[in-house]
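Chains as they are written, first to last, in our numbering: chain A, 97 to 509; chain B, 110 to 479; chain C, 4 to 334; chain D, 16 to 193; chain E, 416 to 643.
Just so you know, the hints here were simulated from the structure itself, not pulled from any lab data. It is possible that part of the hints are untrue.
So the derived label-pair ranges between C-beta atoms look like this [unchecked claim]:
1. C/LEU165 x D/GLU72: 54 to 62 Å
2. C/LEU157 x B/GLN286: 31 to 39 Å
3. A/PHE435 x E/GLY587: 31 to 39 Å
4. A/ASP212 x E/GLY568: 27 to 35 Å
5. C/ASP132 x D/GLY98: 40 to 48 Å
6. B/LYS401 x D/THR137: 42 to 50 Å
7. E/ILE522 x A/PRO370: 54 to 62 Å
8. E/MET567 x C/ARG42: 47 to 55 Å
9. B/GLN117 x A/VAL398: 34 to 42 Å
10. C/LEU165 x E/ARG442: 55 to 63 Å
11. A/PHE186 x C/ALA26: 18 to 26 Å
List time: in silico DSS-like cross-link candidates among lysine-lysine, alpha-carbon distance up to 25 Å [unchecked claim]:
12. B/LYS146 x A/LYS241
13. B/LYS406 x B/LYS283
14. B/LYS401 x C/LYS197
15. B/LYS283 x C/LYS43
16. C/LYS43 x B/LYS282
17. C/LYS48 x B/LYS282
18. B/LYS406 x D/LYS182
19. D/LYS178 x B/LYS406
20. B/LYS146 x E/LYS612
21. D/LYS182 x B/LYS146
22. C/LYS191 x B/LYS401
If you want a taste of the chain A side facing chain B, the calculated C-beta under 8 Å gives, among others [to be verified]:
23. MET145
24. ARG148
25. GLY150
26. PRO318
27. GLU327
28. ALA404
29. VAL406
30. LEU409
31. GLN413
In this text, a Cβ means the ideal position worked out from N, Cα and C, and glycines have one as well.
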Amino acid sequence: MADALTQLGFASWLSVLIASIIKVTLILVGGSVGMMFLTWYERRSISYMQDRRGPNRVGPQGLLQPISEAIKTMTKEDATPRDADKIVHFLAPVVMLGATVLSFAVIPWGRMFPVDLNAAVLFVIATGGLHSIGMMMAGWGSNNKFALLGGMRGVAQLISYEIPQVMAIIPVVLMTGSMSLQKIVEAQNDFAGLGWYVFSPVGLLGFALFFTASLAEGERTPFDIPEADSEIIAGYMTEYSGMKFAVFYLSNYMSNLAVCFITATLYLGGGNGPGVDALGGIAGGLLSLIYFLLKSFALFFVMVLIRATVPRLRVDQLMSFAWKFLLPLVLVNILSASFWVALLRWDQQWPKLTEWFGAPSTADATNWGRLAIAIVLTLLINAGAVALIMRLTNRNVQKHLYTTDEELALGLS
Amino acid sequence: MLKTEELQINIGPQHPSTHGVFRMLVTVDGETLVDLKPVFGYLHRNHEQLGEVNTYLQNMPFTDRLDYFNSMVNNHAYARTIETLAGVEVPERAQYIRVIMDELSRILNHATAMGFMLGDMGAWQTALLWGMREREKILDMFEYVSGARMMCNYCRFGGVVRDIDDWFITELKKLMQGLPHYFDDFEGLLLNSEILLARARNIGVLPKELALAYSVTGPVLRGSGVAYDIRKAEPYAVYDRFKFKVPVGTVGDVYDRFLVRIAEMRESYKILEQALEQLPDATGGFINPKVKQQSLKAPAGEAYARVESPKGELGFYVVSDGSGSAYRYKVRAPSFINLSALADMCKGYTIADVVVILGSIDIVMGEVDR
Amino acid sequence: MTLSHLATEDVFVVERNDADFRAGQGMTKGLGIVFRKFRKALFGKPNSDRADTEGQFNVQYPEERLAMPEAYRNMPILLYDDATGHELCTSCFQCERICPPQVIHITQAKDPATGKPVPAAAKFVLEYDTCMSCGYCAEVCPFDAIKMDHDFELSTANHPELDVDYNRLLRPVSYYETIAPTMWSDVKEQAMKKLQNNIKRRPGDIGRDHGQKIKGGAPVAAAATPAAGAAPAAAAKPRGPVAAIGKNMPEDKTAKLLAIRAANAAKRGGGAADAAPVAQAAPVVEAVADAPAAVSAAPTGPVAAIGQNMSEDKRAKLEAIRAAKRAERGE
Amino acid sequence: MALLARGELRSILQTQLPNVLDSRWDTQATDQVEAHGEGQTVLLDFDAVVKAEAIVEVAHFVRDTFGYDFLSNITAVDYLKQGLIELVYQFYNAAEGGPDLRVRVRIGRSPEECIVPSLTPTWPGADLQEREAYDMYGVVFPGHPNLARIYMWDEFKGFPMRKDFPKTGDKYTHVTGE
Amino acid sequence: MNPIAIGVFIVIALLTLGSGIMVVTVRNIIHSALWLIASFIGVAALYLLMEAEFLAVVQILVYAGAVSILVLFAIMLTRQVTGEGVRVVFERWWVALLIALGLFGVIVPTLWKHGATWEEAAKLAQVGPAPVEGAANSLQVATATEIGRSFMGEYLLPFEVVSVLLLMALIGAVVIAYEERTRRRRVLTLAEELALKKRGIVEPRDAEGAVMPREAEGKVILLDSEQA
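Just chain A, with the same shape it has in the complex (with noise of 0.2 Å):
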């Protein structure tokens, strides 16, 4: 965009500036609207789900529902606590709200890249963990039992399980060789736009184990405990109020749908789907972007499934979740990953593989032997390792029943 306008004329620090601005702009119009259509969308499909209609007064279908919470929220009244540490309780949903945005850059709409940075995932995940500033912030600034409660628990929660998900992303890594969305993107464009990283045994492993952690991360039902509203109110919104209160509630959902985009972007082929390179051009970048929005919907439904159908787990069994259960997973599913990239990529170290079923595959021919061979491996490995988690979990969930001993099991005589 930038070449564009310094071939109109203008100077190029002025083209870079204009063209930064619009982008910025298309970023947190895209990101606002996306976050009031989410707060549409999710109230509307868990209605029904519970046999009612939801919001359906405000324009057609109740698609201006959340512009009126808007107007709402934006003006009623900003309370501070007297007590509260004025500068910190202010700055909290800015940090928050700030970070969110971030992860926006990268994010690929379709076939179109605002931002192609090289380590691009470690980015989102990276600005993901700068929320736990701001919830820190809210927290400590709002002088208040509940905030600081719920601030901790969401700290606690979204360090921990950062760690499952930078290591359920490095299989992807591993297996495109590159942390570039575009790049990511354009590995799994094989087989007509399928290649989906999601349909190999390592990706789908990878999918579930990326999206149950983007899940806490995101704080999103059963891993909503930093704002159990049931326990401790609003965890560290509980002071906030009016416009802040929307900024946070804006961060939330705009890291949902941002933690949804990456998701597609990664484990569903992001923009690829059949019939996109045979249309080409705008044409065949706005189906990317049909299919791009479709997915990550789709994705956002599964959180709205899930919500309305589990409770909330306990902030101990979060954590021994992410500890206990998904970090083994991860790592598994990284040795299983690269033993893909081993058997598809490599020659020199196994001379008989290329012996018996020829070169590795390269981007156009297929090696379907090998694929094979990388599959039946890479499932077993996968599916032994899930079995052996579960049966170890369950066994330690048996044991740990009944608190004390034998005689609390008590039958009916």
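Assemble the complex: chain A is given as a structure, and chains B, C, D and E must be docked to it using the hints.
Just chains B, C, D and E now, with coordinates in the frame of chain A:
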């Protein structure tokens, strides 16, 4: 060595999951609960004194306001007490009608109570709203017979105020067609959900040995494994004519209470089926016509009558001095007395468990704070 | 512990399935059920029967309304006879005595000539804000004069307005007939018979002046009779979840007519002192005049449109009566 | 473990625990006596009225001997004219089912007399009920772990369910001195 | 470098330095930690300006997102923070100054000496063949690929030593925490108390009346966190 600080937190009186204006002053060590003090009285209106001022009939609508989920049961218990006191005969049809209303109340109470408990656990209202849907259907029928959805004021001394008609019976049969689907959905939604198991199993254990000493009644007592149901132990109305089972738990945790409530809904369903089958025709009348409702005078003496309310043993203890109003009127409110076990049940568990345990006791502040 | 009062087959232990191997199957099942619900609610037919447990269950309240069962009781109202305008109440104080929260306050009417009590109420005040809708007053009334209304849209910001006096309690018998036809037909004969007996003992306009001293002309409320009579006697039993409601119609029309009459009376009165009430009443009349469109639309569909300005109607009515009073004084 | 008929407990207590029965009500002549509360006639029951200090012993006795292990209800009644406060303890036999067993304690209304030992150490379920009796009737339960007002606020004076408590006027303004 | 970049650099560098100064001067220790985060983010921005994207992101991920939060946690868990007057003690300021000066004295000469070498290396890397597809196209020093290669090749030994050291720290932390937990005061649940009572064990209580930790008949009573 680092020593953790103990923190005092007020949960309530304005808190999303205290089921009304109820306050728990909790002391926590980290997230573990060290001590819990329940604080009552925010809704206290001296109901018992009102009962001493009102005439017997005037007091009937006030009993609606005790446990406002089950006003039919409250009416029944109160009417039974005054009938015992004044020696009033109740026609058989009225007894059956009362049983039908009681069991419908039990279904609606358990459906919503479990929904609220799951809501406290963080399941976003789905179970609650499905329960609310069934409750709405039942409330519509209550409205049809009694004139009001929640404050039914339906029982009179020696019967009920209005007979049930064909419309009611056909609608009840239709409702009963749908109820098993609801039970199945509800069980399928959460009964085996791993997260629910993790949150409910072995939480808030009230062992069988201690349950009776804590005077808890209803599903809390049965969840602990004591098969004590007033409908069986001291059958009232026509409960001795029905075949139903008393579900009991084994461990006495939140999960057992949850399971017992679901099983009770299914048993209530069986009772409804039998009651509809046995319902005598209208020749016997639905109210004892000899009773002077407005100027009922009971002979001096005392009476205590109790029913198995969905929340436990609901009893009214009335002392009469021979006049038209009670000399002493005391309510044995199940959720109030069940609360006496709350503090000890919560000890040693985490803050997140406290709200779940409270939800599993199923309290209504209208009854606790009388 | 042995439980000797219970046979063994009467007790069963709930199944906990503690030993089951858990691999997320329970959660998956739950997700499946919720998704099925979603599908049925989105594409299936709405929930219309008590046997249904699937599909939309909502009623879109201001447009759609559930039919009220006849027995529904909200707030008490007083009845008067359409034909003669005589109130059914004889101020026997039965309701005042039974009322649990003691919110009924009656003053008996007296014959101005002899000073003897007359079987009619001079004042009848009911505190709606404290009323607990138990329905005892309607139950005990030997003359079937006090009945429970079905109108539940009583919310107001003006609290004192909820101390409702005689004028605002009165409804024609025909109105009650529309909301509870069978319940009225059960008691109609004896109620009317008792009323005829009482009318004989009421000198002059006592008992049909509705607490006002209106000399000459038909009683105010009689004007409302045609409107009320026109209201269809809808079957009130809630067969389906949604049914036509037209019960507010007579009131709207009554209010409108009253307002117009009051305005006319005020004009006749002329005096400068009366200008204010007329000006006050005028906008209300206009507001009410908008209502007919909505009202006329009502019977066509299953969903009845109802003027949302209920309290305004009532205010209009009240205002109109006051205006009439002042106009009269001016004459 | 057997169910007791109404009135049976008194004769059993007379033979087995002769010291626990309240001698003031130890009359064989009639089962009930006319008493007066607020001008009306009240009949006072004579069944198993025990001494206040013996309530714990009797409660354990009925639990251990007859299986009445479920303390369902504790009711305080104020008989103003007799100057009595009666506490009615209702026990149930959870194993056998059946009707309740009532054990009564009658004590004076003055603060020195209005004392009954607490059952809370053995029946924790009595906790809130005893607090209620304290709050509303002023019965003091020594041995109760936390005998504080339960419904009324801590600064409240008087016991609102007593028959001589003024029923009119705003008590709150009176207390705060406004 | 274009003038915009230089301007941005000056602004970011000043902000970073300013936050750093605030860290040591501000009186409230929580504020100080928050300023530290700001300074970390400033450093990350500087990395980004040098087009060392990977380093920048890791800086945010590890330092701003995790390390600083650990610092905050440590402060909050060891001090009464909800109350008033959290002050940084300034008694040993000269020690800090000494360490800072020493560090400065090490870093500046190193940069001075090796600056030219690094630039050359960067140029070499730029013209050399990209080792794996997806390697960065600009300065190669700081890209993920290069870092990975150096770790696994040239600096393998130090890398492994550091890993072992970290692992030891990790295990040590677990050991300390584990001991701490078993000795912790904990509250018995109703069922546990009953089970102990049945065996005739009266639970030992400390002065405050809380149940003391103990082993009952050689059997360790399980802790809550183990039940999950």
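Results of checking the hints against the structure:
For the pair C/LEU165 and D/GLU72, the beta carbons lie near 57 Å from each other, so the given range of 54 to 62 Å is met. Remark: the range hint 31 to 39 Å for C/LEU157 to B/GLN286 is upheld by a beta-carbon distance near 36 Å. Taking 31 to 39 Å as the suggested C-beta distance range, the pair A/PHE435 and E/GLY587 conforms, at roughly 33 Å. Between A/ASP212 and E/GLY568 the CB atoms are about 28 Å apart, so this pair conforms to the stated range of 27 to 35 Å.
The hinted range of 40 to 48 Å is satisfied by C/ASP132 and D/GLY98, whose Cβ atoms lie roughly 41 Å apart. Taking 42 to 50 Å as the suggested C-beta distance range, the pair B/LYS401 and D/THR137 conforms, at roughly 45 Å. A C-beta distance of roughly 56 Å is found between E/ILE522 and A/PRO370, which places it inside the suggested range of 54 to 62 Å. For E/MET567 and C/ARG42, the Cβ-Cβ distance of about 52 Å falls inside the hinted range of 47 to 55 Å, so the restraint holds.
For B/GLN117 and A/VAL398, the Cβ-Cβ distance of about 41 Å falls inside the hinted range of 34 to 42 Å, so the restraint holds. Take C/LEU165 and E/ARG442: their Cβ atoms lie about 58 Å apart, and the range 55 to 63 Å holds. With their beta carbons about 47 Å apart, A/PHE186 and C/ALA26 fall outside the hinted range of 18 to 26 Å. Restraint check for B/LYS146 and A/LYS241: the C-alpha separation of about 18 Å stays at or below 25 Å, so the hint holds.
A hinted pair counts as satisfied when its Cα atoms are at most 25 Å apart, and B/LYS406 with B/LYS283 does not qualify at roughly 41 Å. For the given pair, B/LYS401 sits about 22 Å from C/LYS197 by alpha-carbon distance, which is consistent with the 25 Å threshold. Between B/LYS283 and C/LYS43 the alpha-carbon distance is near 20 Å, which keeps this suggested pair within the 25 Å criterion. For the given pair, C/LYS43 sits about 23 Å from B/LYS282 by alpha-carbon distance, which is consistent with the 25 Å threshold.
Distance restraint check for C/LYS48 and B/LYS282: the Cα-Cα separation of roughly 21 Å lies within the 25 Å cut-off, and the hinted pair is therefore satisfied. For the hint pairing B/LYS406 with D/LYS182, the CA-to-CA distance comes to about 23 Å; that is within 25 Å, so the pair holds. Pair hint D/LYS178 plus B/LYS406 holds up; C-alpha atoms about 21 Å apart against a cutoff of 25 Å. Using a Cα cut-off of 25 Å, the hinted pair B/LYS146 and E/LYS612 holds, with the two alpha carbons roughly 24 Å apart.
With a CA separation close to 31 Å, the supplied pair D/LYS182 and B/LYS146 exceeds the 25 Å bound. Proximity of C/LYS191 to B/LYS401 is assessed by CA-CA distance (about 24 Å); at most 25 Å being required, the pair is judged to hold. The interface hint given for A/MET145 is met, as the beta carbon of that residue sits about 6 Å from the closest beta carbon of chain B, less than 8 Å. Proximity of A/ARG148 to chain B holds as hinted, the smallest CB-CB distance being about 7 Å (cut-off 8 Å).
For A/GLY150, the interface hint is violated, the least distance from its beta-carbon to any beta-carbon of chain B being 12 Å, above 8 Å. Hint on A/PRO318 holds. Least Cβ distance to chain B is approximately 5 Å, under the 8 Å limit. Checking A/GLU327 against chain B: minimum C-beta separation of about 5 Å stays under 8 Å; hint holds. Checking A/ALA404 against chain B by beta carbon gives a least distance of about 5 Å; that is within 8 Å, so the hint holds.
Proximity of A/VAL406 to chain B holds as hinted, the smallest CB-CB distance being about 5 Å (cut-off 8 Å). For A/LEU409, the suggested interface contact is upheld, since its CB lies about 6 Å from the closest CB of chain B, less than 8 Å. The beta carbon of A/GLN413 comes within 5 Å of a beta carbon in chain B, closer than 8 Å, and the hint placing it at the interface holds.
Of the numbered hints stated above, those contradicted by the structure are hints 11, 13, 21 and 25, listed in ascending order.
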